[in-house]
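Peer 1: With the sequences and hints as input, model every part of the structure.
Take a look at the letters that make up each chain.
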Amino acid sequence: MPVPANLEFFIDATRCIGCQACIQACAECDTHKGHSMIQVDWVDRERSTQTVPVICMHCEWPTCAEVCPSDAIKRTADGVVQTARKPRCIACNNCVLACPFGIPKMHTEMKLMMKCDMCYDRASVGLKPMCASVCPSQALAFGTREEMERLRPNSRPVNDFQFGNQTIRTKVNVMIPRDTPREIVDVTASMYEPASGNELMDGLFSEAFEESEV
Amino acid sequence: MNQGEIGLQETVNGEATQPGDRQHGKPTRWRRDFPIDWPEDDYISRRELVKFVVLTSGAFVAGQGWIALKSWMEAPRNAWPVAAVATVEELPVGGAKTFHYPEGSPPRLLVRTGPETFVAYDQQCTHLLCPVIPAVERGQLHCPCHNGWFDLETGRPLAGPPNRPLTRILLQVREGTVYATGVEDAAA
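Protein sequence lines, in the order shown, are assigned to chains A and B. So that you can map any letter, position 108 of the first sequence is 108 in the numbering used here, and since no number is skipped, the others follow by simple counting. So that you can map any letter, position 47 of the second sequence is 1047 in the numbering used here, and since no number is skipped, the others follow by simple counting.
These aren't lab readings, by the way, just hints derived from the structure by calculation. Note that the structure is a prediction, hence the values are computed from the model and not measured. One or more hints might be untrue.
As the list claims (entries may be wrong) - Mimicking SDA-like on lysine to any residue, the simulated pairs with C-alpha atoms at most 20 Å apart in a straight line are:
| # | chain 1 | residue 1 | chain 2 | residue 2 |
| --- | --- | --- | --- | --- |
| 1 | A | K171 | B | W1038 |
| 2 | A | K86 | B | Y1043 |
| 3 | A | K171 | B | P1035 |
| 4 | B | K1026 | A | L112 |
| 5 | A | K86 | B | R1046 |
| 6 | B | K1026 | A | W61 |
| 7 | B | K1051 | A | L112 |
| 8 | A | K111 | B | D1042 |
| 9 | A | K86 | B | E1015 |
| 10 | B | K1051 | A | R85 |
| 11 | B | K1026 | A | M110 |
| 12 | B | K1026 | A | V67 |
| 13 | A | K111 | B | E1015 |
| 14 | B | K1026 | A | R169 |
| 15 | B | K1026 | A | T76 |
| 16 | A | K171 | B | D1042 |
| 17 | A | K171 | B | D1037 |
| 18 | B | K1051 | A | M110 |
| 19 | A | K86 | B | N1147 |
| 20 | A | K86 | B | W1066 |
| 21 | B | K1026 | B | W1038 |
| 22 | A | K111 | B | K1051 |
| 23 | A | K86 | B | K1026 |
| 24 | B | K1026 | A | Q166 |
| 25 | B | K1026 | A | T167 |
| 26 | A | K33 | A | R47 |
| 27 | A | K171 | B | L1055 |
| 28 | A | K86 | B | L1055 |
| 29 | B | K1051 | A | R88 |
What the hints assert, rightly or not - Listed next, with one range per pair, are the computed distances between beta-carbon atoms:
| # | chain 1 | residue 1 | chain 2 | residue 2 | range |
| --- | --- | --- | --- | --- | --- |
| 30 | B | T1028 | A | I90 | 20 to 26 Å |
| 31 | A | N198 | B | S1045 | 26 to 32 Å |
| 32 | B | W1066 | A | W42 | 57 to 63 Å |
Cβ coordinates follow ideal geometry from the N, Cα and C atoms, glycine included.
Peer 2: Here's what the structure looks like:
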């Protein structure tokens, strides 16, 4: 059974209180028994307690699947990108390195990549994924777009992201303040390091950055 | 964009970047062979095939073992009872009588073929279970339904549709009484 088309996932990082209930709940899910597929990251731990829950965004063109050399990562018809298929996964780590959001997790002891699959056993019958069902502040919310519109009049969902030259559209939405202009974070720009005077090192990434300027 | 800071860009065109395995929006040939979308994926890996073949043939082997064990468990190992079915005086030579042996069985047919000789068979024809009737003067048993004939001495089919012998009942004559002592195993 596919995930109902009207039900969508919404992440609102500003609501996250860092309780990590989602991490505990995630490990309870039957599609990835005992393994939590969710991360709660600190934004700037030195100065702030703000945390961000990170789940799979389920891309329109999943980069993890694009780079998979063994044809192991599959997306079901409802747009959910599934955990690598056990008979095919060769534990090469390509997906882990390629995913712009850092979602796939390599379990070397099982030689298997596992990732957030929106608790497919639950979502496919219309239930909320485990994380969304326990999140006390509903930073992770699963419901209809209308419901979200009504409950959060000051936010709006965004589902396209810029990573260098790559624009990614996702099935999962991120809530941003309604009246802000759409600003897209170029993640690769943060990798830039100012010139150090070392000719070899400075030249190393310059080409890549010139390209991304286009 | 000022490098060194996290760059902020105004809204992009909203069009997702298509990966290199697509030409004009359509997947390339190699991508069609190895599609990302599960419904289009019909490739069976060697490991999946081997798993299927091994498990399936293993199930067949286990099933055979189970059938053998079951038939061994259910094989009758109790001795046949001895039951008196008639007295010698009761039947004239060439006379016949039906009886049940063991109790509750389908009807059996006892025939006195000579002063001292008796034979007994299952009364049901091995073709379609019609009752057979003795034709002692011809030394045969006759099934009138489809004109089947059996040998009276051995129970073997002689003519007509039946092609399996009648099940024979083992008899013993002691002190003027005919006893049934067993049912001959059809396979033996």
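Peer 1: Determine for every hint whether it applies to the structure shown.
Peer 2: Hints and how they fare:
no.	hint	in the structure
1	K171/A x W1038/B	holds (17 Å)
2	K86/A x Y1043/B	holds (14 Å)
3	K171/A x P1035/B	holds (19 Å)
4	K1026/B x L112/A	violated (30 Å)
5	K86/A x R1046/B	holds (13 Å)
6	K1026/B x W61/A	holds (12 Å)
7	K1051/B x L112/A	holds (18 Å)
8	K111/A x D1042/B	violated (23 Å)
9	K86/A x E1015/B	violated (33 Å)
10	K1051/B x R85/A	holds (15 Å)
11	K1026/B x M110/A	violated (35 Å)
12	K1026/B x V67/A	holds (18 Å)
13	K111/A x E1015/B	violated (35 Å)
14	K1026/B x R169/A	holds (17 Å)
15	K1026/B x T76/A	holds (18 Å)
16	K171/A x D1042/B	violated (25 Å)
17	K171/A x D1037/B	holds (15 Å)
18	K1051/B x M110/A	holds (18 Å)
19	K86/A x N1147/B	violated (67 Å)
20	K86/A x W1066/B	violated (32 Å)
21	K1026/B x W1038/B	holds (17 Å)
22	K111/A x K1051/B	holds (18 Å)
23	K86/A x K1026/B	violated (28 Å)
24	K1026/B x Q166/A	holds (18 Å)
25	K1026/B x T167/A	holds (18 Å)
26	K33/A x R47/A	violated (35 Å)
27	K171/A x L1055/B	violated (38 Å)
28	K86/A x L1055/B	holds (17 Å)
29	K1051/B x R88/A	holds (13 Å)
30	T1028/B x I90/A: 20 to 26 Å	holds (22 Å)
31	N198/A x S1045/B: 26 to 32 Å	violated (48 Å)
32	W1066/B x W42/A: 57 to 63 Å	holds (59 Å)
When each numbered hint is compared with the structure, violations occur for hints 4, 8, 9, 11, 13, 16, 19, 20, 23, 26, 27, 31.
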